Each structure stands twice: as C-alpha cells, then as structure tokens.
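Peer 1: For the record, the sequence lines run as chains A and B. Note that numbering that gives the first Met the number 0 gives residue 41 to position 42 of the first sequence, counting from 1, and the numbers run on in steps of one. Note that numbering that gives the first Met the number 0 gives residue 245 to position 246 of the second sequence, counting from 1, and the numbers run on in steps of one.
Since the hints were derived computationally from the structure, they do not count as laboratory data. Note that this is a predicted model, so its numbers are computed, not measured. Glycine included, C-beta positions come from ideal geometry on N, C-alpha and C. Incorrect hints may have been included.
As the list claims (entries may be wrong) - If you want the ones that stay clear, here's a sample from chain A, every Cβ over 10 Å from chain B, calculated:
id	residue
1	R13
2	R14
3	T15
4	P21
5	A27
6	E57
7	I125
8	E167
9	K271
10	G294
To be verified - Only part of the chain B face toward chain A is listed, based on derived beta-carbon distances under 10 Å:
id	residue
11	P21
12	G28
13	D191
14	E275
There are 2 protein chains.
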Amino acid sequence: MIRAAAGRLEGHARRTPLLSSPFLDEIAGRRVLVKPECLQHTGSFKYRGGRAAVSALEPKIRAKGVIAFSSGNHAQGVALAAREFGVPAVIIMPADAPRLKIDNTRALGAEVVLYDRAGGESREEIGAALTEERGLTLIKPYDEPEVIAGQGTCGLEIAEQARDAGVERGDVLVCCGGGGLTSGIALALEADAPGLRARPCEPEGFDDTARSLAEGRILANATGAGGICDAIVTPQPGEITFEIMSRLCGPGLVVSEHEVLAAMALAFQRLKLVAEPGGAVALAAALFHPGEIEGDAVICTISGGNVDAAMFIRALQTAKG
Amino acid sequence: MIRAAAGRLEGHARRTPLLSSPFLDEIAGRRVLVKPECLQHTGSFKYRGGRAAVSALEPKIRAKGVIAFSSGNHAQGVALAAREFGVPAVIIMPADAPRLKIDNTRALGAEVVLYDRAGGESREEIGAALTEERGLTLIKPYDEPEVIAGQGTCGLEIAEQARDAGVERGDVLVCCGGGGLTSGIALALEADAPGLRARPCEPEGFDDTARSLAEGRILANATGAGGICDAIVTPQPGEITFEIMSRLCGPGLVVSEHEVLAAMALAFQRLKLVAEPGGAVALAAALFHPGEIEGDAVICTISGGNVDAAMFIRALQTAKG
C-alpha cells in the first residue's frame with residue numbers, strides 16, 4: 000500500500016532532502032540526520048496522507064467532496080489534495096487553532112467550519128450532519144490505512160537516503176500525535192531498512208503513545224488539548240496506528256516544552272529551517288535525550304513548519320535568554 | 000570548468016531542491032521557483048566556490064593552507080573546505096560582521112583575524128603579511144575562475160530543475176555582491192538552459208552591478224559597507240565577473256530594505272526557510288517588482304540564511320506591523 004501511495008504521489012509530493020549540521024552532531028554526541036517535512040507542500044508531511052487518501056477514492060465518490068477534522072496540518076493537506084482533484088473540501092477546525100493554519104486552509108479553497116473546543120461543541124456531530132447532507136467522504140487524520148500509507152512514503156525516502164548516507168542501523172525519531180506518520184514510517188522501514196527502528200516522540204503531558212507502548216494497551220492523555228505543540232496533541236493513539244507501533248516501534252521519547260523551543264531555535268540557526276513546536280519534538284529528543292537513543296547516528300523528522308511569527312519569536316528569545 | 004567543479008563537488012555539496020508556494024505565486028502574479036542555497040552546507044552557496052577552489056589547488060600548495068577575506072559566508076565556505084582537506088585556513092573578517100558568522104567560522108576550525116573596518120585598518124595589508132609569512136594561498140571571494148565555476152554548479156542544478164518543472168524561458172534572479180554567483184549561474188545557463196537569463200539583484204544604495212551593467216563599465220558604490228544586507232555589500236563588481244555579466248545577464252533589479260525584510264518574512268511563512276537579508280534580495284525582486292520581470296515563471300535564489308536572531312525577529316515584526 001505504501002508503494003502504491005508513493006506511485007500516486009510521484010510528481011506531486013516533494014522528495015524532501017536529508018539534512019545535517021556539524022553543530023547539531025556536536026550537541027547530540029552522534030550524527031544527526033534531519034528529514035525536513037516542513038519543506039513538504041502545505042508545510043507539513045500531512046499532504047502525503049491527504050493526497051494518498053483523496054487519490055485512492057473512486058472518482059464518483061471523490062467528486063462529491065471530502066471532509067476532515069483537523070487543527071491545521073491535516074486540514075491543509077486534505078484541502079490542497081482536494082483542490083488538485085477539483086473536488087470540494089469541508090474542514091472542521093477548532094476556533095483556537097493557529098491563525099496561519101486557518102487562513103491557509105481557506106486560501107487553499109476549503110470551506111472551513113470552526114467549532115468551540117472549550118465550549119463543548121462536538122465536532123463529530125457537526126461533521127456527521129454535513130457528511131450526510133452532502134455525501135462527503137471523511138478523511139481521518141491518522142487511523143485510516145490510506146493515510147498511513149501516504150505518510151509511509153516519507154519512510155521509504157528515509158530508508159533510501161539513510162543508506163546513501165551510510166546509516167544502516169539506528170533510531171528514527173518521529174513527531175507523534177495520533178501515530179499516522181510514526182506507523183507509516185515504521186512499516187516502510189520494516190520493508191526497506193530493517194536495521195532502522197521508528198520511535199515516537201511527544202511533549203510532556205501528551206505522552207499517550209509512550210505510555211500506551213510501555214503498558215501494551217491504549218491509554219489516553221489527561222487532557223486532549225493545550226500546550227504549544229498543537230500539531231501533535233491528540234487524546235490517544237489510533238486503533239490501527241497503535242497496533243502497528245506496538246509491533247514495530249521502540250520506546251517513546253518525551254521532551255519538555257523548553258526543549259522544544261530550544262530545538263526550534265537550533266533548527267533556525269543550524270539548518271535554516273522553520274519548525275513548528277509539534278514539528279520540533281523529535282529534533283529535541285535527538286539533541287537533548289542522547290542517553291535514551293542507541294547507535295552512532297540518529298535520524299529525526301521535522302514534521303511541520305506552520306507556526307505563527309509570535310510563537311517563533313518566543314522560541315528564538317527563549318534560546319537567547 | 001563548471002562541469003569539472005561539479006565533479007569535484009559531487010558527494011560534498013548538497014543538491015538543493017527547487018521550492019514553490021501557491022501563496023508566493025499569487026503575490027508575484029506568476030510562478031515563483033525558489034533555489035534555497037540557505038540549505039547548502041555552512042548555510043550559503045559559498046561552500047560551492049570554496050570547495051571548488053580549495054579542491055583545485057595542487058596538493059603541495061594546498062597543504063600550506065589557505066587565506067580568505069570575508070564578512071562571513073565565504074569565510075565559512077572556505078573554512079569548511081579547508082577542514083575537509085585537513086589544511087589550515089586563516090580568515091580575515093571585519094570586527095562588525097554578524098556574530099553568528101564569526102563564531103561559525105571559528106567553530107569550523109579556521110583561525111579568524113578581525114580587523115576594524117571603520118578604523119581604516121587595511122585587510123589587504125594584514126592578509127599580505129600573513130600570506131607571505133606562511134605561504135598561504137589566497138582564495139578570493141568572487142573574482143577568481145575556480146570560485147565562479149563552483150558557484151556555477153548551482154546554475155547547472157537550476158537548469159535541470161527548471162526543465163523538470165516545465166520552465167524553459169524566463170528570468171533567474173540572483174542575489175549579487177561581487178558577482179560570483181551571478182556570473183557562475185549565467186555561464187551555466189548559457190550552456191544548459193539558453194532560454195533562461197540570469198539577472199543580478201541588489202539592495203538600494205549598493206546597486207553597483209545594476210549601474211555598471213547599465214553604463215557598460217565598472218562603477219563603485221558611494222560606500223563599501225552598511226545596511227542590513229552584509230552578505231552582498233561589495234564596493235564594485237569584479238573584473239572577471241563584470242565581463243561575464245555584461246555579456247550574459249539581463250538588467251539588474253534593485254530592492255528596498257523594507258522589501259528585503261518582507262521577503263524574509265514570506266520565506267519564513269510560506270517556504271519554512273530562514274533567509275538572511277542579503278539572501279532575500281532576489282526573492283524580494285521576484286515578489287515586489289513584477290513589472291520589471293519577463294515571462295510566466297521566475298526563478299530566484301535564496302543565497303544564504305546566516306542571520307542573527309535579532310535581525311530575523313526584526314523581519315517578522317516588520318511584516319506584521
């Protein structure tokens with residue numbers, strides 16, 4: 000399925016490079032190779048899964064349109080994919096999502112429906128009504144095989160690029176929300192680079208995946224929203240993604256928000272890349288948790304770069320201060 | 000010479016991608032394709048020329064070491080290339096160069112000698128004494144065939160990537176200081192993409208190349224330093240680079256510092272890239288001077304990303320305000 004998705008994404012998704020900096024190697028105490036999905040279309044890896052899922056639909060079904068729930072990155076990925084196929088997209092977004100993400104989703108031609116996350120509005124109810132009324136197809140953000148396959152195309156690239164860089168063994172740290180990217184990469188590595196092992200990375204307070212893997216069953220976070228890592232804050236791992244991660248992934252890594260901000264500042268300074276907080280979690284783990292990682296080299300994703308200027312300035316100022 | 004340099008750079012210089020954003024296309028009124036040399040090793044295209052020149056030296060000569068004058072990007076390019084060959088590098092830098100560039104050059108193993116630009120110290124005298132004493136070879140920043148050939152490898156990539164993107168005709172806007180990158184790209188395009196035309200881009204007050212091309216003879220700037228675009232502020236075009244640019248380049252484009260800051264903010268927001276002021280000049284021209292550009296598509300370099308946090312924050316705040 001991942002190879003089929005890669006075929007459908009060819010000429011559409013960008014093949015992002017694998018970057019490095021001697022300055023980051025020195026901090027981490029080992030080679031650090033960075034897969035910058037912030038350079039993907041729409042500024043995050045989510046375009047891969049969005050395009051894979053939309054392109055897999057029957058043309059007649061697809062023509063009626065698609066619908067997605069998202070705080071922003073999945074929203075943009077699905078919106079762009081729908082626009083490329085000339086079909087309508089409805090995106091249900093929390094009203095407190097970053098402004099840039101809401102604006103971009105609208106600019107990509109999607110109809111954005113905002114709901115009040117704190118006020119108890121149910122996005123599922125809003126979505127169900129719209130879906131029935133218009134015959135839309137729901138594109139889930141992670142617990143959906145075609146979406147996982149699309150995210151897995153990132154893993155196929157990592158397998159090939161790591162081999163070119165002479166890295167055959169080691170950990171691949173992945174920014175993890177519901178587990179779509181992590182499980183997709185894990186499946187790709189199983190097939191193409193069995194010496195590499197995917198490991199989910201999460202911020203403190205939202206370490207549902209790390210705890211779930213440690214316990215061997217799905218556990219939820221105390222709260223489903225909050226913190227600075229909006230892109231990867233999910234209540235709990237998906238059913239499908241958890242099954243894959245349990246089978247294939249190493250233990251999860253958990254980083255502090257301060258480490259996330261410091262990693263954003265280092266991505267700015269050393270890689271010339273813009274990482275959003277949720278997208279900098281794996282780099283933070285690579286740089287600041289070296290004792291929890293195995294091998295002479297570590298690979299990490301920067302999963303997205305959709306961050307408002309104010310938050311980015313906060314990261315740069317935190318690092319200076 | 001460019002193809003020979005490309006051979007020597009293979010496996011060393013990064014092949015940077017060609018990026019785009021529908022949001023930038025909309026601002027510019029045409030397709031905008033961006034060549035992000037900020038993702039090159041050392042954060043600027045200068046590594047290409049530095050490595051090309053150092054690798055072209057006779058091993059016996061090279062072993063004695065190299066010396067360069069630079070406000071920062073050429074410094075880092077030469078320092079890294081020298082380190083890769085295990086030979087000493089002495090870099091003469093102005094004491095008021097951005098702190099990041101001085102620190103990085105030292106961290107890459109070079110001996111940094113600072114001079115007081117305002118106080119009238121002659122860097123040429125300092126350099127001449129060191130060169131004679133130690134038998135170092137001077138690597139000039141732009142008016143040197145091997146350096147131009149190295150920068151030209153960026154043009155070979157542009158020619159191929161533009162063809163892949165379906166762009167056969169149009170302007171290639173290049174951030175221009177002494178003209179090394181501009182003339183190198185111009186030569187590469189002449190050979191591999193004759194429908195593409197290189198055009199130098201400069202900030203107001205430092206438009207020596209634009210005026211020189213318009214007059215048909217080398218003209219100098221009123222002042223040799225100042226402004227925010229430290230990477231590309233040079234007194235006048237080089238002899239060799241001017242000859243090449245006169246023969247091959249279209250008219251120069253001149254942008255304001257405000258446009259440069261706005262382009263930096265848009266590179267942050269839309270491309271997730273960190274551009275330094277001098278590196279954002281061509282993007283500023285592509286976005287804000289559409290009437291001076293020909294064709295349905297425009298290609299522009301982001302030539303470097305070595306910017307201090309304070310200047311980057313200024314760009315983000317200027318754009319918001």
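Peer 1: Compare the structure with each hint and give your call.
Peer 2: Hints, one by one, checked against the model:
no.	hint	result
1	R13	violated, 7 Å
2	R14	violated, 8 Å
3	T15	violated, 8 Å
4	P21	violated, 8 Å
5	A27	holds, 15 Å
6	E57	holds, 27 Å
7	I125	holds, 28 Å
8	E167	holds, 18 Å
9	K271	violated, 3 Å
10	G294	holds, 23 Å
11	P21	holds, 8 Å
12	G28	violated, 16 Å
13	D191	violated, 22 Å
14	E275	holds, 9 Å
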